[in-house]
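For this one, chain A is given, so just place chain B on it according to the hints.
From first to last, the protein sequence lines are chains A and B.
Residue numbers 3 to 267, in the working numbering, belong to the letters of the first sequence in order.
Residue numbers 5 to 270, in the working numbering, belong to the letters of the second sequence in order.
Fair warning: there could be bad hints in the mix.
What the hints assert, rightly or not - What follows is a list of derived Cβ distance ranges for each label pair:
(1) A:D111 <-> B:K22: 44 to 54 Å
(2) B:V202 <-> A:E230: 57 to 67 Å
(3) B:K22 <-> A:Y15: 51 to 61 Å
(4) A:S29 <-> B:V202: 50 to 60 Å
(5) A:P91 <-> B:K220: 42 to 52 Å
(6) A:E222 <-> B:G113: 50 to 60 Å
(7) B:S179 <-> A:H187: 29 to 39 Å
(8) A:H195 <-> B:S179: 28 to 38 Å
(9) A:P91 <-> B:Y254: 23 to 33 Å
(10) A:E230 <-> B:S179: 37 to 47 Å
(11) B:V202 <-> A:N27: 48 to 58 Å
Said to hold, decoys possible - So, partial list: chain B residues that the calculated Cβ filter (under 10 Å) puts toward chain A:
(12) Y169
(13) G177
(14) P190
(15) M193
If you're looking for bench data, these hints aren't it; they were derived computationally from the structure.
Glycine included, C-beta positions come from ideal geometry on N, C-alpha and C.
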Amino acid sequence: MSFLTLDHVSHHYFSKESYTKALDNISMAVKEGEFISLLGPSGCGKSTLLSIIAGIIQQTEGTVSLQGKSTTESEMEIGYMLQQDYLFPWKTIIDNVLLGPKINGNKTDDLRKKALQLLKEVGLKDVEMKYPSELSGGMRQRVALVRTLINNPKILLLDEPFSALDYQTKLNLEDLVADLLKSYHKTAVLVTHDIGEAIAMSDRIFMMNANPGSIAKIYEVPIELRNEVPFLVRRHPKYQLIFDKIWDELESKESQQKVVEIPNE
Amino acid sequence: MNDHHLFENYKRGLKREKKIVLFWQLTILIAFFSLWEIASRLYWIDPLLFSSPSKVFDLLVTRFANGSIFNHLQVTLFETIIGFIIGTIGGILIATSLWSSARFANIMGPYLVVLNAMPKVALGPILIVALGPGYLSIIAMGFIISVIVTTLVVYSAFNEVDPNYEKVLRSFGASRWQCFKEAIFPAAMPAMISTLKVNVGLSWVGVIVGEYLVSKQGLGYLIIYGFQVFDFTLVMSSLVIIAVLAAIMYKLVEKLERWLIRNRNT
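Extracted from the complex, chain A is given alone in its bound form (with noise of 0.2 Å):
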């Protein structure tokens, strides 16, 4: 049995004046440990998608299960990592790291030690007591990460986590990323409309299509890119080979909806 199932999803924006239909009739299904990354353009319902997998939004149609179990009733098993941090300025480093086991009333001094640990585990010594404002964009978001990680989900949702950051920044915490998550074995689900971060960090990649948005393909990475480590898989030769794959892919795509859309002007 699949640990994330998502069955005939479908997900559709109201407003006043009309409606349109953001997600149509996604179904997947993934392992136990497994990363995957959902690839596509923007306005693809990517984050969307993710937004329905934590449980934030409820879809309009469709099933969504966390090892058997609807999301909605299981938020704590989901851990959530936004494009930007989002550490709240006002609080320490060590107050936002502890604001979920805050919210759910089990702040403990066991996980303060242990998110003392992550933090030291992510690079971060002797930043407990500084303010997000004291640090840099890229140990704002590894603070996030240990926000997240602390609260032992079964399943990480990692919305473009990497996209504001300066390159050099990105790539250390792709790496930083993926060596944790296979430590402890999570499973993950990460939107990007990078490539090469898809093929770099996952195990299968869910291409999108937009208007509305829907599986377009799914690649599969090869094994021997797998167990690397996202920046050493960006060298292997095999890695040039799916991104120009996925690269022509998109291009067409991309051809394609321009033609469809001459005769609506």
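Chain B alone, transformed into the frame defined by chain A:
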């Protein structure tokens, strides 16, 4: 020139700028009072109507010496502070209840717009009839003049908080109330502090107008009384006292602001 010299130069520049500003501030102050004094002595303006700084000063000294001003001062200050506090807190509470229910906010929308547009001072006579001619209606005046503005400003500040903070909390399973406590309220803190500053001025307006209408004591009463008996020295002295008190209150709010912000940044 080395680095240290450059830095010294920079600091000297800052100091000089500060001195120049202070010099002109004092010059304006002295020029204003001297001109007023001279104009009054030389009958350029009618001293009966416009009094003069020396007469105002004399009156203030006698009044403070024999203690007859303290009662008025206390009454007005008390009414203003109470009106200010319940106006601010009331506004924040109403804004919170609007935030907690989008439907309630939609229902209340037009009423808030009308109440905000209406000159609250015009409600004075109704307040006096309803609450009696005393403290209560004056405090109510100080309250009513600041509460609506506070509600609107704080409510819109609540709504402008980045929704992603709420998203983070929701992903931890936070309730709506927990979202409010952890994200919305603290994030709206700067907006709330700036309404405090506005409300200092507003509650003075409310209380003084209230005293014009009804009271038997207080600084607003002294102004109206002085006006009726043609004692403009009394009117001017009361104005001076009000200016000083309002400035002190404003400075205290600034202190509070700095304390609250330091609490969040160090």
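Whether the CB-CB distance between E230 (chain A) and S179 (chain B) falls inside 37 to 47 Å: holds (43 Å)
Outcome of range test on Cβ distance (S179 (chain B), H187 (chain A); 29 to 39 Å): 31 Å Cβ-Cβ, so the 29 to 39 Å window holds.
Beta-carbon spacing of D111 (chain A) to K22 (chain B) - inside the hinted bounds 44 to 54 Å or not: holds (50 Å)
Cβ separation of V202 (chain B) and N27 (chain A), checked against the hinted range 48 to 58 Å: With a Cβ separation near 53 Å, V202 (chain B) and N27 (chain A) satisfy 48 to 58 Å, so the hint holds.
Status of the given 51 to 61 Å range, CB of Y15 (chain A) versus CB of K22 (chain B): Taking Cβ atoms as reference, K22 (chain B) and Y15 (chain A) lie about 56 Å apart, which means the hint holds.
P91 (chain A) versus Y254 (chain B) beta-carbon gap, inside 23 to 33 Å or not: holds (27 Å)
Pairwise beta carbon distance, P91 (chain A) to K220 (chain B), judged against the given window 42 to 52 Å: holds (51 Å)
Hint check, G177 (chain B) versus chain A [nearest Cβ-Cβ separation less than 10 Å]: holds (4 Å)
Hint status (Cβ of P190 (chain B) to nearest Cβ of chain A, threshold 10 Å): holds (5 Å)
CB-CB spacing for S179 (chain B) and H195 (chain A) relative to the 28 to 38 Å hint: holds (34 Å)
V202 (chain B) and S29 (chain A) - C-beta distance against the hinted 50 to 60 Å: holds (55 Å)
Hint status (Cβ of Y169 (chain B) to nearest Cβ of chain A, threshold 10 Å): Hint on Y169 (chain B): holds, closest Cβ of chain A at ~6 Å, below 10 Å.
Hint compliance for this structure: every hint is met.
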